[in-house]
Amino acid sequence: MAKADVTQAEGDLHLERLTKQFGDFVAVHDLSLVVPQGSFFALLGPSGCGKTTTLRMVAGLEDPTAGTIRIGDTEITHQKPYRRPVNTVFQNYALFPHMTIYDNVAFGLKRRGVKDVKQQVADALDLIQLSQVAQRKPAQLSGGQQQRVALARAIVNRPAVLLLDEPLGALDLKLRRQMQLELKRIQTEVGLTFIHVTHDQEEAMTMADSVAVMNNGIIEQLGPPTELYESPQTVFVANFLGQSNLFQATVKETDGEEIVLEDPDGMFRMPKKRVAAGVDTSTGRKVLVGVRPEKISIGPLAEAAAAPTDGNYVDGVIENASFLGVSTQYQVRTEGGEHIDVFAQNLDVHGLLAHGAEVRLTWRPHHGFVLAPDQDIHAGVEVGAGVSG
Amino acid sequence: MSAPTTPVPVASKPPTGVRIRNWIGNNLLRIYAVLAFIYLLLPVMYTFVFSFNDSGKSNLTWVGFTWNNWTNPCGAPDVCESVINSISVGLVVTLVATMLGTLIAFALVRHRFRGRTTTNLLIFLPMATPEVVLGSSLLTLFLNILVPLGFWTVVIAHIMFCISFVVVTVKARLSSLDANIEQAAMDLYASEWQAFRRITLPLVAPGIAAAALLAFSLSFDDFIITNFNSGQFTTFPKFIYVADKRGIPAQAYVIASAMFFIALAIVLIGQFASRRRKEG
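As you go down the protein sequences, you meet chains A and B in turn. First residue of the first sequence? That's 1 in our numbering, and the numbers climb one at a time after it. First residue of the second sequence? That's 1001 in our numbering, and the numbers climb one at a time after it.
It is possible that some hints are incorrect.
Said to hold, decoys possible - Ranges of calculated distance between the beta carbons of each label pair, as one might list FRET restraints:
(1) PHE22(A) x THR1117(B): 27 to 37 Å
(2) SER322(A) x THR1118(B): 56 to 66 Å
(3) ALA1265(B) x ARG112(A): 57 to 67 Å
(4) HIS78(A) x GLY1270(B): 44 to 54 Å
(5) PHE1113(B) x PRO224(A): 42 to 52 Å
(6) ARG83(A) x VAL1132(B): 52 to 62 Å
(7) ILE1031(B) x LEU173(A): 48 to 58 Å
(8) HIS78(A) x PRO1148(B): 53 to 63 Å
To be verified - Chain B is faced by these chain A residues, among others (derived, beta-carbon under 8 Å):
(9) VAL6
(10) ALA59
(11) ASN92
(12) PHE96
(13) THR100
(14) ARG111
What the hints assert, rightly or not - Facing chain A, from chain B, some residues (calculated, C-beta under 7 Å):
(15) PRO1077
(16) PHE1142
(17) ILE1145
(18) SER1176
(19) ASN1180
(20) ILE1181
(21) ALA1184
(22) MET1186
(23) LEU1188
(24) SER1191
(25) LEU1203
(26) ASP1221
Since the hints were made in silico from the structure, they are not lab data. Ideal Cβ positions, reconstructed from N, Cα and C, are used throughout, including at glycine.
Using the sequences plus the hints, can you model the full thing?
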C-alpha cells in the first residue's frame, strides 16, 4: 500500500474571508478567524448557523466558495481531506463497523505508514481508558465508549488540528458532563489544537479557552467565555449565552468616564468602557441597556433607604416568583412598564418576596452593558433557551 | 446456601377440558408451523422420492426403487446439456448483472444527478412488468434487428431483468450505510479508492453477494422469457417443459433434488458463517 502523502504543517489555524454558498444559500459568510496552536476553541451557535459547514471546510469535506485556510504558513484550502494534517471526531462517531477497536484506531497510522503502530494504538487506548476492549467491534460498545474510541482514532494521528463535530450530542446528560471533563483533560494532556463545534453554550463555556459565537454564517463575537458572558457585544450573544434583561434608553449626557441614560423608569449611569464597540453614545442617541438577572439585587421597597448613591435602581411590583431551591426567580414589572427578570440567591431562610410586593431593584453600573439599538431585542432568545435548560 | 426445607405445595390438577385447551393454546403455533412446512415441502419430497423411481420413460407412477438415476444423472437424452446451458447462462448473467447493478446502485445512492428519480422508477419496471410481455416484446426486438436467437439472446434477456433485482438488493444495503463512514476514512488519510476498497466494499459485500445469488437463481429458474428468446437453445426449465409432453425422465428429478440440496447447503453455510462472525 502506498503511503499517504500528508502535508506537514504546524502553527495557528487561520481562516481568511472564508465563504461557502450552497446555491443561493450562504452558509458561511466572509468569515475570518485565528485559532491559536494548542488551544481549545469552540464554535458555538444554533443549528444552521454555519458552524458545521466551517468545520467541514477545515476538514476538507466541503470546498470553500471563497477564502483561504492555512495552518501556520501552509495553505490547505483546496487540499483533499486525506492530505490534511487534520482529523475529525464525527457527530455520530462514524466508526468502521466491520473492524475491531484496535483496527479502527490503527487505521490512520497504517495509511500513513507509521512504524510503531501497535505501541501508539495501545497508548491511545490507554489515554481513553479502553485498552480492555481493543479486540471488540464497535457495536459491542456503549455510546460513551464509542465516543471515546472515535476520539482516540483521531488523536492517535497527532493532527495539527483536531475537529470535534457535536461530539457529545448523542450522549445523555450525565455522561455528557463526564465526557466534557474527560475531553478537557485529554486536550491538556496531548496539547493539540481542538476545535469543538456545539450548540450547547454550557458545553462551550466549560471546556473552551476561547469561544466564537456564530449566527447566520457570521461570527457575532469571539473571546474567552467570561468575556462573552460579561461583555456581550450584540443582542444575540447577550440572549444566546445565558439570559439578559434588555431595555431601550436615551443618552442624556456624558459625564467624565460615565454616560447618563434615561428611560421611563428614570436615570442610569453606565461606565463608558461597558459600551459595545461602535455604539454611538452622543447625547440624544438611543441605545439598548442590558443587565444579567443574577447581577440585580432585589429588596422590599419599604426597607430601601434613600436612593443608593453607588448604583442604578428601578422600582416595581413582583408579578411572579418561583422558588428554585438555590435561588428564586422573580419577574418584576417596573413603573415604566418594563419586565425584568431577577435571580436572587437564597441567602436568608425566611426570604420569599410575595407576588404583588413593591420592590426596589439595584445593580452596579459596571454590571450592565450597552449595545447598539438597531437590533431585534429577542434575537437568540429561543435558540439559546432551548439548550440552556 | 441450604436447600429450602418447607415442602412445596402440590397444585391441584385442573379439569381435563381446561388442560386440552391449554395444550392447544401452548402448541397452536407449532401445529400451524408443521402444517405450513408440510404444504411447502411435500412437492420437494415428492420430487426427491420419485428421483429413485425405476420408471423408464415416464416418471408419473411409482414402479420400483433404483439407484440408477442418481448414479447416472446424464442418462436421459439432453438433460445434462440443458443443465450445463442453464449454468453457463447463469454464470455470465450473474457476473454482468451484479457488476452493472452494483454500479447503478452506487450511482443512485451516492450521487445526485439529473434523472435520478426517473431512473429509480424505471429500475422497478422490469420487476413489475409481466414476464410474458417482457419476453414477447424482447423477441419482437430481436427479430426486428435480425439477431439470431440462442445463448446470447437468453443472456441479454436475463441480464435485463436481473439488473433490477441486483440494484434493489445492493441499494438497500448501501442506504443503510452511514455516508460519514467513508468521509471518516478519507479524514484518516485514505484516498477515495482506499476508502472504497477498505471500508465501503467490505460493508456492502454481503449485499452484493446476496444480489449475485439472487441473480443466479432467477436466471436458472426463468422459463417464460427464456422460452420466447432461446430459439433452438435449451435451458433446464425449457427442457422439462418440452419433456413434459412425452414424459419427464427421472434424471430431471435427480437434478432438481440435487439443486435443492445444494441451495440448502449454501444457506446453512451462510447462516453458520454469519453466526460465527457475530460471536467472534
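We went through each hint and held it up to the structure:
Separated by about 20 Å at the C-beta atoms, PHE22(A) and THR1117(B) break the suggested range of 27 to 37 Å. SER322(A) and THR1118(B) have their C-beta atoms about 59 Å apart, which keeps the hinted 56 to 66 Å range intact. Evaluation of the 57 to 67 Å hint for ALA1265(B) and ARG112(A) yields a failure: the beta carbon distance comes to about 44 Å. Between HIS78(A) and GLY1270(B) the Cβ separation comes to about 46 Å, which falls inside the hinted range of 44 to 54 Å.
The hint said 42 to 52 Å for the Cβ distance between PHE1113(B) and PRO224(A), and at roughly 47 Å that hint holds. Separated by about 56 Å at the C-beta atoms, ARG83(A) and VAL1132(B) satisfy the suggested range of 52 to 62 Å. A C-beta distance of roughly 51 Å is found between ILE1031(B) and LEU173(A), which places it inside the suggested range of 48 to 58 Å. At about 55 Å, the beta-carbon gap between HIS78(A) and PRO1148(B) stays in the expected band of 53 to 63 Å.
The interface hint given for VAL6(A) holds, since its Cβ lies 6 Å from the closest Cβ of chain B, which is under the 8 Å cut-off. Interface restraint check for ALA59(A): the shortest CB-CB distance to chain B comes to about 6 Å, inside 8 Å, so the restraint holds. The criterion of a C-beta within 8 Å of any C-beta in chain B is met by ASN92(A), whose closest approach is roughly 6 Å, and the hint holds. Hint on PHE96(A) holds. Least Cβ distance to chain B is approximately 6 Å, under the 8 Å limit.
Annotation: interface hint on THR100(A) violated; nearest CB of chain B at approximately 10 Å, more than 8 Å. Interface restraint check: ARG111(A) against chain B, minimum CB-CB distance 4 Å, threshold 8 Å, status holds. Proximity of PRO1077(B) to chain A is violated relative to the hint, the smallest CB-CB distance being about 50 Å (cut-off 7 Å). Look at PHE1142(B): its Cβ only gets to about 44 Å from chain A, farther than 7 Å, so that hint breaks.
With a least beta-carbon distance of about 44 Å to chain A, the hint placing ILE1145(B) at the interface is violated under the 7 Å criterion. With a cut of 7 Å, the hint placing SER1176(B) at the interface with chain A is violated, because the nearest CB-to-CB distance is about 11 Å. For ASN1180(B), the shortest C-beta to C-beta distance to chain A is roughly 4 Å, which falls under 7 Å, so the interface hint holds. Taking 7 Å as the C-beta contact cut-off toward chain A, the hint placing ILE1181(B) at the interface holds, the least distance being around 5 Å.
Taking 7 Å as the C-beta contact cut-off toward chain A, the hint placing ALA1184(B) at the interface holds, the least distance being around 4 Å. Given the 7 Å rule on beta carbons, the hint for MET1186(B) holds: about 5 Å separates it from the nearest Cβ of chain A. Hint on LEU1188(B) holds. Least Cβ distance to chain A is approximately 4 Å, under the 7 Å limit. Evaluation of the SER1191(B) hint against chain A yields a held restraint, the C-beta minimum of about 6 Å falling below 7 Å.
Given the 7 Å rule on beta carbons, the hint for LEU1203(B) holds: about 6 Å separates it from the nearest Cβ of chain A. A distance limit of 7 Å between C-beta atoms decides the matter here; for ASP1221(B) the minimum to chain A is near 32 Å, and the interface restraint is violated.
Violated hints, listed in ascending order, are 1, 3, 13, 15, 16, 17, 18 and 26; each of the other numbered hints is respected by the structure.
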